[in-house]
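So the sequences go chain by chain: A and B. With the numbering used here, the residue at position 325 of the first sequence is 340, and numbering never jumps. With the numbering used here, the residue at position 41 of the second sequence is 95, and numbering never jumps.
Check the hints yourself; a few may be wrong.
Claimed, not checked - Quick partial rundown of chain A residues pointing at chain B, CB under 7 Å, derived from the structure:
1. 172
2. 191
3. 192
4. 193
5. 285
6. 286
7. 311
8. 321
9. 324
10. 328
11. 331
12. 335
13. 338
14. 342
Simulated from the structure, these hints should not be mistaken for laboratory data. Since the structure is predicted, the reported quantities are computational estimates derived from the model, not experimental observations. No residue lacks a Cβ here, since even glycine has one placed at the ideal position from N, Cα and C.
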Amino acid sequence: MNIIIMGLNHKTAPVEVREQISFTSQEKETALESIIETNDVQEGLVLSTCNRTEIYVVASQLKKAKGFIKKLLSNFSTLSIEKLNSVLYTYTNLDAVTHLYKVVSGLDSMILGEEQILGQIKESFTEAKQKESIDTILHHLFTESFKVGKRARTETSINDNAASVSYAAVELANKIFGDLKEETVLVLGAGEMSELTLKNLVDHGVKEVIVANRTFSKAVALADRFEGEAIPWQQVESCLHKADIVIGSTGAPHYVIRQEMVAGILSYRKNKPLFFIDIAVPRDIEPEIHNLDNAYAYNIDDLESVVEANLQEREKAIKDVNQIIKAEVKSFDQWRNTRDVVPIIKSLREQAEEIRQQELERALAKLDDIDEEEKDVIKSLTYKIINKLLHTPTVQVKEFANVEDGQVYLQAVNKLFGLESEEEQ
Amino acid sequence: MAWSRGLLWLTLAIYFFSSIIYIKQELIQAKQNNNRKIAYLFQLGALIHTFCLLAIILETGYLPIKNLYETLLLFSWTIVIIYNLIEYLYKFKVLGAFIIPLNTIAIFYASFLPNNVDNLPMEMRSIWLSIHTSVIFFGYGVFTLAFCVSVAYLIQEKQLQEKKPSMFYYRLPALNKLDKLSLRLVMIGFPLLTIGVLAGVIWSGEIKGVYWTWNAKQIWTTITWLIYALYLHNRFSKNWQGRKSAYITIIGFLAILFTYLGLAFLPVEFHDFTQS
Chain A
16 MNIIIMGLNH KTAPVEVREQ ISFTSQEKET ALESIIETND VQEGLVLSTC NRTEIYVVAS
76 QLKKAKGFIK KLLSNFSTLS IEKLNSVLYT YTNLDAVTHL YKVVSGLDSM ILGEEQILGQ
136 IKESFTEAKQ KESIDTILHH LFTESFKVGK RARTETSIND NAASVSYAAV ELANKIFGDL
196 KEETVLVLGA GEMSELTLKN LVDHGVKEVI VANRTFSKAV ALADRFEGEA IPWQQVESCL
256 HKADIVIGST GAPHYVIRQE MVAGILSYRK NKPLFFIDIA VPRDIEPEIH NLDNAYAYNI
316 DDLESVVEAN LQEREKAIKD VNQIIKAEVK SFDQWRNTRD VVPIIKSLRE QAEEIRQQEL
376 ERALAKLDDI DEEEKDVIKS LTYKIINKLL HTPTVQVKEF ANVEDGQVYL QAVNKLFGLE
436 SEEEQ
Chain B
55 MAWSRGLLWL TLAIYFFSSI IYIKQELIQA KQNNNRKIAY LFQLGALIHT FCLLAIILET
115 GYLPIKNLYE TLLLFSWTIV IIYNLIEYLY KFKVLGAFII PLNTIAIFYA SFLPNNVDNL
175 PMEMRSIWLS IHTSVIFFGY GVFTLAFCVS VAYLIQEKQL QEKKPSMFYY RLPALNKLDK
235 LSLRLVMIGF PLLTIGVLAG VIWSGEIKGV YWTWNAKQIW TTITWLIYAL YLHNRFSKNW
295 QGRKSAYITI IGFLAILFTY LGLAFLPVEF HDFTQS
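Isolated chain B (complex conformation) (with noise of 0.2 Å):
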């Protein structure tokens, strides 16, 4: 316990550092060209945030999913992840002066949650739980980075229909890009959203015979696939680019946060992260 918890709280005060220096470079001061020294020490977070959950793995043999502290940290971890592929690829440091201070107040709200770890009797872990929570907590991940390349499309799509660059003109990259990284986001959560439920559903029927049951968080999850489904299939058989297809995944990410933390607070059967 002890060794994660460390490791925890120095990745929140390496997040924390960089979030002021992001925010200052990004949306402060004047443009910098070459400083590709900031992401280092973001980088060098990430990384002790890896160690932070591999930790926890170690400690208690089983992967974080087990309670809303250790998925949080598994959340934030995936997007932080994903962001840096994104910053690196695409050279989109602006978002980071937003993505990473919201995952620092992340874990800080995590820092306060109880973390009870035997709250997961033995005859309930399962090949099938590990892959249903982890998979789905990756796409919520690539989820709610395609919503923040959507938000940042919208941003850049009024500057242009408003003729007034503002800051984010100069430092948000062109409306293509944006649309078709938010579309390969998407393509990338939908598998992993529709992996993970099916594996939720072997589990179920493994552990009580029965695959479905229509709880709250199962109806939510429906929707917030069939959300992205709509999603897809308009951009493929329809066209939707830009604006209506941005809109979609903002809406999508809502029924997520709903799914997730505004669910976690009702009593679900198996799905309630809150109580041990």
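So that you can see chain A by itself, here it is in the shape it has in the complex (with noise of 0.2 Å):
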């Protein structure tokens, strides 16, 4: 058996072949019956996302498999199997195994580590389970793919720091208050990116909300989003000494915020930080607060920087997540090879066991005047010589399951005792 991937992803097709190839549920549903029904495969599963299509399958014959899997792809798309030829990509057993370890654990990813690629491919796998198209094999690797891709994120730093700009700034008002408890957010605009950016800060515990905005209806609306207050505009300054943390994000045309606004209440804030985040365009922050002591202003530039610097540290990761997955790519290795080995075993055992009756009949037939107790005499006698005589056999073949090679150690095993195995059956 063998298991074969093919693909897809941002690195080797553009968009426009990206979302031609890209499954709808309903498409998927059609995709994993055609698996069900064909004998090219045994097992499959698709993996559809915006940046990859990946086809997993489980097959005997790999050139039926990749015929039938370029077929399938075609199919659910416009381009030519050439064309396809051209952007695909194809693994096979380990290195199939491999690389669902790299991108279960977002090492494929556009943004290196990030986590949303868990959840999708944990849904293909629920999908794939529910419609029955995957087996004993996709369902252990897949399995096992879950447990690698949370140990890459909980053991190594692959997931941690923000990738995102708004997320970025959340961390940075971590690093400078430590929790966010005790502090207060005041929010300048009401729109789309002040939002996204607020409600991560509300996730991490901000205690309390203030939204100003020039059409104080906006700002009520945001505000009771997050349970906070709603500021008339001309209040702003008023009310700059209670906040902590100030994001920036009005459509004005000129700072909102200036250096003498921030100066005159550092020191009535009892020297408390106080951290700006601009992400308007033109920026709503002057610049030239970041300059005052325990005041820190960060534009949209500087978050970008910020994130780029994560994505870097992100890197160093990498060593330690390619560990953690060489680990469980052998252990996989080896789950599927004691797999392999037991048909091997069984089959041994059955073929014995026959020999021992047919003997034991025929013998027992030529001693007509022995009884009862000799007869169990006897056939405990040719249990035992047949048990003793597997025995190191058998702990053989599961050794040769986990050694280098082994797949040829086991062929040797088959033809000397003349085993047909059920898998060439």
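With the hints as a guide, bring the two chains together.
Printed below as a string of structure tokens:
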């Protein structure tokens, strides 16, 4: 049995190609049905996100399986097989396992280490499970992969540090204030960006929310969503001293918060730090504020460069994630090999038992005048002989499962005992 | 003598390995998320360090405050114990990558120092001397950590000022936490220093009939005391947060270093730890 992955992602195919080949949930269902119907593959699963489309199958014959996947992909898109060939990558067996583990850990994602992919794979897995298009091998593979994805993110720093501007702002706030439980945030402007940043801050436990907007009704609406207080635009300056974090996101053509406004309140605030997040263009916060002691002003470019640095920091964890993947691939390999030898051991035992029964019958037929007790002795003798004879081969076959070139040994065992393992049937 | 010496070598060896592991994990490798294991080795070292001090007490029948060798061991023990507490409470492990190697060097240095225990005449032994020295060294340990935390504050502050996150941005705790921690440490250290000095004054009065002689050590201790008094005064009445306060704790630490080590090489009556 082989595990085969074919697919494309943001690295191999441009968006024009990816959008044609991405599966809607309806299409996914149909694809899973055709996987169930065909004899070319035994198990199959479809993973389709905006950055990748991948088909995972288990098949005994590689060629047939590849042909099947290509046909499937071209049926569900407008792409010809030739065009597909130029963008598709193929991984088989342990390479396929490694690939899946990399994908699930976020190593193959556009944003290194991102967590969404784990959820998307889980979703695809659930769909395939419901449709019963997967069986033991893919079931085990994907269940293991979720473990890998989780380990990568908890044991290494691959998912640490914000990868988006609004989240980076929250992390900076955390680096200044520690937790945000005591902090008050003042939002200038009630736009989408301010709402997103505000939401992240509130999720991280900000104590109080104050919203100011030129159109007061919008301020009220936003404040209501976060159980905050709305203030009229004219009160911004008088309320500034209450805030520990200020989000600037207005459409104003000039600075809304000027240095002299801040300089005055810092000592009133007992030198408690004050953090300005300026996501407006043109800017709302006068950059000179950053030069004041205990005041920090970050504009959109500063936040972008923090995100950049964060992603570089994540790259350092790739090595650690790869180590986890390597170990997990090995453990999957062992599982699969051990599974492979079970039928061999079974048929070895069956064969021996068959011979024992035949010979026992024949021998007992010749011996008429023995009693039950003597029969039992003979029976147990034969049983003990085959058991002892088979003990070492059984142990060794299990060992072969996990040594290099183990398959060669296993074939030798098959040949030596003239076994027909179930796989060859 | 043999017991405490053996324990000293064992402590030194464990601290040495802990240093390597902390530096590797906290400064060189990518950050690992759940890694409590490395702390255990270091904690074992701290435990043996404790036994080492107990062995000295049993062997000499007196607190480990009799010479530079013993006080260095006591001093570094204080730092190790308080650091362990900080690591546990604040998950501030990168500090260990600096504290542990420095402790290792201090103990390594101590292992070369002469250790003559008979340098303290019986008549000088007094409860006041025990309080004086041990409390002051405990205070010094606390101040040393306040110094480290302040340096960490300044590093983190610089990162936020320059808007260029580097390795330390990711590994150091939040500014406010560092600021509060250093305040907390000074608030512990200051009363210890005060009690220690007062105990010394009483002891001096008991032994020599003179309470204060204005020798170099006493002058410098006064300066140190004043620096930390200024720190607390500014924090509480002028709300000095952050950078300025961090600078004061650094100056305070330099004064301690000079008082303890610098003056140790000058002959000062009663305060000379180098001569036996």
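Hint check:
Because the closest C-beta pair between residue 172(A) and chain B is about 4 Å apart, less than 7 Å, the hint holds. Checking residue 191(A) against chain B by beta carbon gives a least distance of about 5 Å; that is within 7 Å, so the hint holds. The criterion of a C-beta within 7 Å of any C-beta in chain B is met by residue 192(A), whose closest approach is roughly 5 Å, and the hint holds. For residue 193(A), the interface hint holds, since its Cβ comes within 7 Å of a Cβ in chain B; the closest pair sits about 4 Å apart.
With 7 Å as the threshold, the beta carbon of residue 285(A) comes within range of chain B, its nearest partner Cβ sitting at about 4 Å, so the hint holds. Hint on residue 286(A) holds. Least Cβ distance to chain B is approximately 4 Å, under the 7 Å limit. With a cut of 7 Å, the hint placing residue 311(A) at the interface with chain B holds, because the nearest CB-to-CB distance is about 6 Å. For residue 321(A), the suggested interface contact is upheld, since its CB lies about 6 Å from the closest CB of chain B, less than 7 Å.
With a cut of 7 Å, the hint placing residue 324(A) at the interface with chain B holds, because the nearest CB-to-CB distance is about 5 Å. For residue 328(A), the interface hint holds, since its Cβ comes within 7 Å of a Cβ in chain B; the closest pair sits about 6 Å apart. With 7 Å as the threshold, the beta carbon of residue 331(A) comes within range of chain B, its nearest partner Cβ sitting at about 4 Å, so the hint holds. For the restraint placing residue 335(A) at the interface with chain B, the shortest Cβ-Cβ distance is roughly 6 Å, inside the 7 Å limit, so the hint holds.
For residue 338(A), the shortest C-beta to C-beta distance to chain B is roughly 11 Å, which exceeds 7 Å, and the interface hint is violated. With 7 Å as the threshold, the beta carbon of residue 342(A) stays out of range of chain B, its nearest partner Cβ sitting at about 15 Å, so the hint is violated.
In summary, the numbered hints that this structure violates are 13 and 14.
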